Amino acid sequence: MSGNFGGGREGAQLGQYQSDRLGDRAALQAQMLASGFGQAQQQAQQNFTNQGTLAGLQSGLAGQQYGLSNFQRQSMGADVSALGSLGALRQGQQQALLSADQQAAQTGAYEPYGRLSQYGNTLTGLAGGVSGQQYAEPAQASPFSTALSTALGVGGLYGKIFK
Numbered sequence: 001m002s003g004n005f006g007g008g009r010e011g012a013q014l015g016q017y018q019s020d021r022l023g024d025r026a027a028l029q030a031q032m033l034a035s036g037f038g039q040a041q042q043q044a045q046q047n048f049t050n051q052g053t054l055a056g057l058q059s060g061l062a063g064q065q066y067g068l069s070n071f072q073r074q075s076m077g078a079d080v081s082a083l084g085s086l087g088a089l090r091q092g093q094q095q096a097l098l099s100a101d102q103q104a105a106q107t108g109a110y111e112p113y114g115r116l117s118q119y120g121n122t123l124t125g126l127a128g129g130v131s132g133q134q135y136a137e138p139a140q141a142s143p144f145s146t147a148l149s150t151a152l153g154v155g156g157l158y159g160k161i162f163k
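Going by our numbering, 17 is the number at position 17 of the sequence shown; the sequence numbering is gapless.
Honestly, the hints are just simulated from the structure, not real lab data. Since this is a predicted model, take the numbers as computed values, not measurements. From the three backbone atoms N, C-alpha and C, an ideal C-beta is built for every residue, glycine too. It is possible that some hints are incorrect.
As the list claims (entries may be wrong) - Now the in silico label distances, taken between C-beta atoms and shown as ranges:
hint : residue 1 : residue 2 : range
1    : 51        : 11        : 55 to 63 Å
2    : 152       : 79        : 17 to 25 Å
3    : 104       : 79        : 35 to 43 Å
4    : 76        : 110       : 47 to 55 Å
5    : 51        : 28        : 33 to 41 Å
6    : 145       : 86        : 16 to 24 Å
7    : 42        : 14        : 40 to 48 Å
8    : 109       : 88        : 27 to 35 Å
9    : 149       : 76        : 24 to 32 Å
10   : 12        : 38        : 34 to 42 Å
11   : 156       : 101       : 21 to 29 Å
12   : 58        : 21        : 50 to 58 Å
13   : 97        : 156       : 14 to 22 Å
14   : 145       : 118       : 24 to 32 Å
Sequences are here, hints too, so could you generate the full structure?
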């Protein structure tokens, strides 16, 4: 049936048909490639986001592990500090007891001098003379104030231990 309308028109028509078919195929292929490229871009972006999230989670986990190790070191430091404070408290208490014993011994040792000084000043005053300087014992820290400061140290220690 070929050639009914003449060979020239049929050839032109077949050429146009082939050209349209090739154009349609090229457009379809370009559309499919563009779609595939867009999907590949979306997947790459999703992969990048997932890697960032994973890195953040790993960083958070590392931070938590570091925090736990610091907690253990801080706890040990607090224990050492509390034991040091307890030792200082015990030393302060022992020093207060020793100071009280020392004051009692000093008072006992200087008591005769004070009594003689008072007796001599009384006799001088009765005889009409000028009395000498009154004997005064050396001033000492009060055991009460030492014990009070020690008790305040204990309160601070319990405050550190039990927060």
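For each hint given before, does the structure comply? Return the numbers of the non-compliant ones in rising order.
none
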